[in-house]
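A.B. asks: Given next are the chains, with one letter for each unit.
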Amino acid sequence: MTILAHRDYRQVETHEAEVAVIGTGAGGAVVGTELAEAGRDVLFVEEGGYHPTSSFNPYLTESLPRLFRDAGGTIIMGRPPIPYAEGRCVGGGTVVNGGMTWRPPEQVLMQWARLTGQPDLGPKAMEPVFDRVEQRIHAKPQHPSSIGEDSRLLERGARRLGWRYEPNRRAQDRCVGSNQCLTGCPTGAKQSTLVSYLPRALSRGARCLTEVRANRLWIENGRCVGVLGSGINPRTREEDVEVRVRAKAVVVACGAIQTPFLLLRHRLGRPSRQLGKNFLCHPNTKVLAIYPHDIYAWQGVSQGGQIREFRDEGILMAENAVPPGTAAAQIPFLGDEALELMKRYNAMAMTGVLVEDSHAGSVSRCLGAPLAKYSITPYDHERFLRGVRYLATLHFEMGAEKVILPFSNFHVANDVDDLAEIERTQRSRSTIELFTVHMMGTCRMGSDPRDSVVNMSGELWDLPGCYVADASLFPTAVGVNPQVTIMAMATLVAQRLRLPN
Amino acid sequence: MRRILLTLADSIIPESPRTPDTLEEVTRHALVSLRYMPRSSARMFLWGMRLLNWAPLWRLRGLRPLTALPAAVARRHLVALTQSRWLPIRLLMYGPVGLFMSSYFDQDFAHREIKYAPVPFVADRIELRRRWIEGHEPGSDDEVHHPAALAP
Numbered sequence: 139m140t141i142l143a144h145r146d147y148r149q150v151e152t153h154e155a156e157v158a159v160i161g162t163g164a165g166g167a168v169v170g171t172e173l174a175e176a177g178r179d180v181l182f183v184e185e186g187g188y189h190p191t192s193s194f195n196p197y198l199t200e201s202l203p204r205l206f207r208d209a210g211g212t213i214i215m216g217r218p219p220i221p222y223a224e225g226r227c228v229g230g231g232t233v234v235n236g237g238m239t240w241r242p243p244e245q246v247l248m249q250w251a252r253l254t255g256q257p258d259l260g261p262k263a264m265e266p267v268f269d270r271v272e273q274r275i276h277a278k279p280q281h282p283s284s285i286g287e288d289s290r291l292l293e294r295g296a297r298r299l300g301w302r303y304e305p306n307r308r309a310q311d312r313c314v315g316s317n318q319c320l321t322g323c324p325t326g327a328k329q330s331t332l333v334s335y336l337p338r339a340l341s342r343g344a345r346c347l348t349e350v351r352a353n354r355l356w357i358e359n360g361r362c363v364g365v366l367g368s369g370i371n372p373r374t375r376e377e378d379v380e381v382r383v384r385a386k387a388v389v390v391a392c393g394a395i396q397t398p399f400l401l402l403r404h405r406l407g408r409p410s411r412q413l414g415k416n417f418l419c420h421p422n423t424k425v426l427a428i429y430p431h432d433i434y435a436w437q438g439v440s441q442g443g444q445i446r447e448f449r450d451e452g453i454l455m456a457e458n459a460v461p462p463g464t465a466a467a468q469i470p471f472l473g474d475e476a477l478e479l480m481k482r483y484n485a486m487a488m489t490g491v492l493v494e495d496s497h498a499g500s501v502s503r504c505l506g507a508p509l510a511k512y513s514i515t516p517y518d519h520e521r522f523l524r525g526v527r528y529l530a531t532l533h534f535e536m537g538a539e540k541v542i543l544p545f546s547n548f549h550v551a552n553d554v555d556d557l558a559e560i561e562r563t564q565r566s567r568s569t570i571e572l573f574t575v576h577m578m579g580t581c582r583m584g585s586d587p588r589d590s591v592v593n594m595s596g597e598l599w600d601l602p603g604c605y606v607a608d609a610s611l612f613p614t615a616v617g618v619n620p621q622v623t624i625m626a627m628a629t630l631v632a633q634r635l636r637l638p639n
Numbered sequence: 017m018r019r020i021l022l023t024l025a026d027s028i029i030p031e032s033p034r035t036p037d038t039l040e041e042v043t044r045h046a047l048v049s050l051r052y053m054p055r056s057s058a059r060m061f062l063w064g065m066r067l068l069n070w071a072p073l074w075r076l077r078g079l080r081p082l083t084a085l086p087a088a089v090a091r092r093h094l095v096a097l098t099q100s101r102w103l104p105i106r107l108l109m110y111g112p113v114g115l116f117m118s119s120y121f122d123q124d125f126a127h128r129e130i131k132y133a134p135v136p137f138v139a140d141r142i143e144l145r146r147r148w149i150e151g152h153e154p155g156s157d158d159e160v161h162h163p164a165a166l167a168p
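Here the protein sequences come in this chain order: A and B. Using the numbering used here, the first residue of the first sequence is number 139, and each one after it goes up by one. Using the numbering used here, the first residue of the second sequence is number 17, and each one after it goes up by one.
Hint data in this document are derived by calculation from the structure and do not stem from the laboratory. Incorrect hints may have been included.
Straight-line distance between alpha carbons at most 27 angstroms, and here's what the computed DSSO-like set of lysine-lysine pairs gives [what the hints assert, rightly or not]:
1) A:LYS481 <-> A:LYS415
2) A:LYS511 <-> B:LYS131
3) A:LYS481 <-> B:LYS131
4) A:LYS481 <-> A:LYS540
5) A:LYS278 <-> A:LYS262
Calculated Cβ distances over 12 angstroms to all of chain B for the following chain A residues [stated by the list, open to error]:
6) ARG145
7) GLU151
8) GLY260
9) ALA558
10) GLU561
Backbone N, C-alpha and C fix where the C-beta goes; we use that ideal spot for every residue, glycine too.
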């Protein structure tokens, strides 16, 4: 098992491999593992550090800088601006996500097959790929011992209102509901790539360079032949080591924002001019309910299930208990007023509404950093308002004292009648507060270079030897948690990747 | 800049409970977080904090910066900004509120104040999983139950 870190590097560090994979999240780890198991010499390049399960703890001040990109302080510009979070550590987003394993709806895969003209992206053809991924990450429903009261409350509320509630299938092996998905699973039950795919790859001889930022692709004679990066000193955060990786093929799997950011540096994506376009982010908003009794939402698995009654309208609803530090950053009060509300933390049910994208944004480069732009449409806005009303109604039905709403000009509903005010006060898209963790679609896959960035193997149309294997590949929005879809697409890329002689 | 961050932290986090180190601690966390951001983003954040410091001036409510005002007065200015009808002004507050609140409510004394105790719970769950791996599947006694939660 070879995991190197900054302390192991010389001033100029050079490596060779058959395949260099940038990123170790849901895309990178899967493509690299599949290739390593097929006998390829694989080298992972990861910007974040290696943090094993034993190092995970519930403290955000420790976890945010070491597990999240930019210490969790990143934002998509638009109307409204949308803060987002993505992983930056070995295992990437899978270390800090909820581990949901929803397959994309059939109609989405049918649409992908139609748009690309390739039936092998259709639901039937993709089934064995999803089966393979789900088997490897132990996708299954939760054991009863892991379910918390907030999940039960949401389920009971949904049933009372006649809504369809479905327990989540999650990537977990004997999950006991410690509710620390966001800061790294301390029990090792969540099957992030850190504990599922990557150990397989490393046991097959794959190597991993951690604390290395991939700055450029190495291009010779119009072909990608490696990665040029720099080692980041974890103490000073300075890039003080030069790292070069020469490879026959490079797979870029840095996520839907960082992947186009890297590729745009080389002015790629010329044939279609679609690189960085088609940015989708499946935004969500929060609805916090305060109950007259304690719920202890932080005990038991985060997101035991989803309300899928309105799935056809692109609306999903779920509970998502977050640590008090995260909750306090989202409530509309400061100082002692915030503390008064936080004293009711144990009585809070933290829930959210996810709305499927109806419109795309873009990712570009600006002042050496990625600039993501995305605005919700009036249609999305209307669905958000509807979703918030549905969830708040459920909470009042279940006996909530009050509901904290995600609007900058209308914070608290004290009873169900107050919800009528939503229509009156929420005319502007700027007053709703959104968040996202599901970024997708900036290097869309296709069979025509005029309307896609990569071909059906994931290889860039205008840079042979350079492949993409992450959520950027998605031709359209999936409307569900994207983890297994990313893993399935990465599996396809691994199967189709061809090395030059 | 350190003084500005201390002032903002003092105005954003609860007045009590605090330890003698609380302000230093949340400010240090903010500065550490900035090191993990791209330079341009960190620079923009710091410019935003300078702009916030002069909020009394550009709000036409005074001539002195927040650093020269009593904490209660500075807090009133910041509360008004979080409730501004102008999105860019509210946006200015996202960063400091997120950083200082998440840091404050991550401290053990704040956990005690809100009766949040994840460490023993997680330790208990790690032990439960260890037993499960050894072949003892959790039973109904191991379920997370707080009967009052579903009382209604």
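A.B. asks: List, from low to high, the hint numbers that the structure doesn't satisfy.
C.D. replies: Violated hints (numbers, rising): 1, 2; every other hint is consistent with the structure.
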